[in-house]
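J.: Taken in sequence, the protein lines are chains L and F. At position 483 of the first sequence (counting the first as 1) the number is 483 in the numbering used here, and the numbers step up by one without a gap. At position 122 of the second sequence (counting the first as 1) the number is 122 in the numbering used here, and the numbers step up by one without a gap.
Errors might be hidden in some of the hints.
Said to hold, decoys possible - Below, simulated DSBU-like cross-link-like pairs (lysine-lysine); rule was C-alpha separation at most 35 Å, straight line:
id, chain 1, residue 1, chain 2, residue 2
1, F, K157, F, K39
2, L, K288, F, K17
3, F, K157, F, K185
4, F, K233, F, K13
5, L, K288, F, K156
6, L, K100, F, K17
7, L, K232, F, K426
8, F, K100, L, K98
9, F, K100, L, K39
Stated by the list, open to error - One-sided and incomplete, this derived list gives chain L residues near chain F with beta-carbon spacing under 8 Å:
id, residue
10, N59
11, N62
12, P67
13, T72
14, W174
15, R317
16, D324
By construction, these hints were calculated from the structure, which means they are not laboratory data. By construction, the Cβ of each residue, glycine as well, lies at the ideal position given by its N, Cα and C atoms.
Protein chains: 2
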Amino acid sequence: MFESAELGHKLSKGQYKRIEPKLRVDLLNAQYQLSQLGKFPVIVLISGVRGAGKGETVNLLNEWMDPRHIHTHAFDNPSDEESERPPMWRYWRALPPKGKIGILFGSWYTAPIIDRVFGRAKARDLLHAVEEINRFEKMLADDGALILKFWFHLSKKAQRKRLKALESDRETRWRVTARDWSFFKLYDRFSRVSEDALRQTSTAWAPWIVVEGSDPEYRAVTAGKTLLEAMKKRLSAWPERRSKKSDAAPLVQPVDKLHILDRLDLSHTLPKKRYQKELAALQGELAKLTRHPKFPQHTVVLVFEGMDAAGKGGAIRRITGAIDARLYHTIPIAAPTDEERAQPYLWRFWRHLPRKGRFVIYDRSWYGRVLVERVEGFAAEADWLRAYSEINDFEQQLARNGAIVAKFWLQISKQEQYRRFKEREKTRFKQFKITPEDWRNRERWDAYQVAAADMIERTGTGHAPWTLIGANDKYHARVKILDTLARALRARLKG
Amino acid sequence: MFESAELGHKLSKGQYKRIEPKLRVDLLNAQYQLSQLGKFPVIVLISGVRGAGKGETVNLLNEWMDPRHIHTHAFDNPSDEESERPPMWRYWRALPPKGKIGILFGSWYTAPIIDRVFGRAKARDLLHAVEEINRFEKMLADDGALILKFWFHLSKKAQRKRLKALESDRETRWRVTARDWSFFKLYDRFSRVSEDALRQTSTAWAPWIVVEGSDPEYRAVTAGKTLLEAMKKRLSAWPERRSKKSDAAPLVQPVDKLHILDRLDLSHTLPKKRYQKELAALQGELAKLTRHPKFPQHTVVLVFEGMDAAGKGGAIRRITGAIDARLYHTIPIAAPTDEERAQPYLWRFWRHLPRKGRFVIYDRSWYGRVLVERVEGFAAEADWLRAYSEINDFEQQLARNGAIVAKFWLQISKQEQYRRFKEREKTRFKQFKITPEDWRNRERWDAYQVAAADMIERTGTGHAPWTLIGANDKYHARVKILDTLARALRARLKG
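The shape of chain L in the complex, shown without the other chains (with noise of 0.2 Å):
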């Protein structure tokens, strides 16, 4: 992918001072027009090797545009607060709002192949970060977002005569430090690396753009160029862009109807008396599992969701009573705040990922995507249908940064839903739980059990399993999930 960037590439100053007057005026006015139209953000990313330009390229840009519709942000080493999250976390932080300009200087790219360049990653290990990273590209893609990864490179000669020539100029000898020449001693294996992670992740939804970062002049228009003629080519297109449908084939569901769901017994039932002494049981022992000396390397990552008044706030409730207070986060779900809107919409939900040693419950969760925002057709058919591959992705990335992910599905009857509806609206305390919403939501019953069941089948995971509860008892269901729960920490804690 490199050879077309060791050629020699070159804009004469003249030619330069003709493009660039041109260039940044239209530069300027497509940055305005994406503010305006407020609909898709620009995400920019700046990778490549040392000495060739980066750095130069990122503050043309923003000299050139308004830097006020640009964040840049620059990725060193994690702070603390990062490096207790799962790695993608501070990348999801620095997503540009939609109507903005993200650039990244240092990316989700650095640290596979840095990795691998000092032997601390094996082949597969590469492998299997490409495939994420694709994943993750497709995704902003899919929910609009133009995606622009520079790629700068010198050839081997070329980086040697830039460091040398850095280095005896007094204004930019700081610059050049122990560390570029070591990385210089590993230019091949560096470039055979990289070059391998660019083959495999320049697709269609975010090709990669290499450039030749030898001669400034080059260098800036061909960034500034490309740039502006895709978020021209975006821009003009955007109005049709939003009449998508989805070319799968649609999620058949089974001829005689039979869900998952109809198979779970909703019959259990447990007695007052019994009930209190297993949740006090229960509760006892989920607070001593907090204080193992391994918890505090794990987050504890917990979903639920369910039909409306499946019980869902007292179950839990019951989790939260037996644990200390400062020990997690209770997150419900309601209508996306407009910074929300502004982003992919699992943004929200990692925005409340805790530090490690928490507890973080979602009554409700990015699972609305295939629930509610199916069935009521907020989404379109191609945005949830390929929810639920991201939601895996989310999911496993939470697994491996040793989050202990348990979810819980709260099932009642149709007529104890009916019960309880009308149990609320007589016990006065209960009242602002009953809307007229959870009525109009109950008409789709039928639906909302049919996008549920599909949810189970496509998204229980290994490592983030679906435990589905026969919740017309709230006491069996209640003892069921800490119980689920406690099993869960255990295994991981003592196992």
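Put chain F on the given structure of chain L with help from the hints.
T.: Below, chain F alone, put in the same frame as chain L:
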């Protein structure tokens, strides 16, 4: 203040059992009312001595109420992201939005008290901290927050007994550390320092509630009832609260209508040739200053204010053009997002404060409170009047943390603004810059000038000075701004 919390307050288990169920229901109800109203947050501080039931109270409040609407934050040692910002940053981060309850376990009181107990701070440092805290809490209260500060107390004898009891129980032994006993040895000193601090911060808007901590039932019911009554009182009083008028004497304008801005010489000009030369020299110097070995210890906070079309954007770009793009963030201030609207108005500026070694450039700023919000009536008189001192407090915290703060007011004449508006309307790629709102604002020219003059007078400080820029000539303005900035940096880095 602690005398009445050493009386041996008690509640029998029987009494507790009678009171508790109703208290829970009432608290839940108050919580939902709070959430539905969505107009103010409740901030609960949990402080006091070790073993007095702080943790138990936090857990109980979370158990009694709906944890989905409670944000509990425990503050231990600051993370590295926190320790590079002013000490209050981590608390601003944790403030609950309107409609929610925030429980802060550990708070802005912890460090000042501990530092004084261990002799790391002098008496006058504590006094100073106390004054700052009072102003901070006043700001929160003025913004509508209901603040409850609980101090859980134990007599010396009771504390010793409590620690011994914890230690002798196999289940709770882990909770007592060597640190607890080392604190206990300082009981008298700790008690004296805390009592002092509490007395001086027990204000009308945020009084301390000292609770005897030895009896769990008494402690729990006292905390619960106090919180409930405070919420009920505030919720019922809400509608009237909003019709608040300032009792302050009005800001009197000079009877001759002569303002500081009228005296500003707008006739300065700079020929293009000299501009280019001086600009290049200043940008070069600025770039060098950012590589000064002391630079990474400072944050640079720049504020740009001025009438529409005064040239703020252009000036900012002449600064950013000189600096590595990784070192600055430009924050254009537009309408607040809904997450920002749910917080005190300074919150959205606090959130953008960078780590050390960085520039943050606010294109319009917190001064909107005393400019546009004052002139257009978006903020009540009482609110913008108090903003002057709130802003001074904010900037003082920045300065004390090592920030270099520079504020620029760009002044143009009314005729020059007209000329620029017309020019913008004519130039295709500048049209986005001119809106009907700009013309409307122009009609209030005089009111804005009066507001600006008041602002400059009341918020110009040694550590965060205003520089008034005659900006009819853009070249002159930009050079003056860069020169001022370079001087400020030089003084701090080389001084």
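J.: Hint by hint, say whether it matches the structure.
T.: Against the structure, the hints:
| no. | hint | result |
| --- | --- | --- |
| 1 | F:K157 / F:K39 | violated, 44 Å |
| 2 | L:K288 / F:K17 | holds, 26 Å |
| 3 | F:K157 / F:K185 | holds, 12 Å |
| 4 | F:K233 / F:K13 | holds, 28 Å |
| 5 | L:K288 / F:K156 | holds, 30 Å |
| 6 | L:K100 / F:K17 | violated, 57 Å |
| 7 | L:K232 / F:K426 | holds, 23 Å |
| 8 | F:K100 / L:K98 | holds, 28 Å |
| 9 | F:K100 / L:K39 | holds, 31 Å |
| 10 | N59 | holds, 5 Å |
| 11 | N62 | holds, 4 Å |
| 12 | P67 | holds, 4 Å |
| 13 | T72 | holds, 5 Å |
| 14 | W174 | holds, 6 Å |
| 15 | R317 | holds, 7 Å |
| 16 | D324 | holds, 6 Å |
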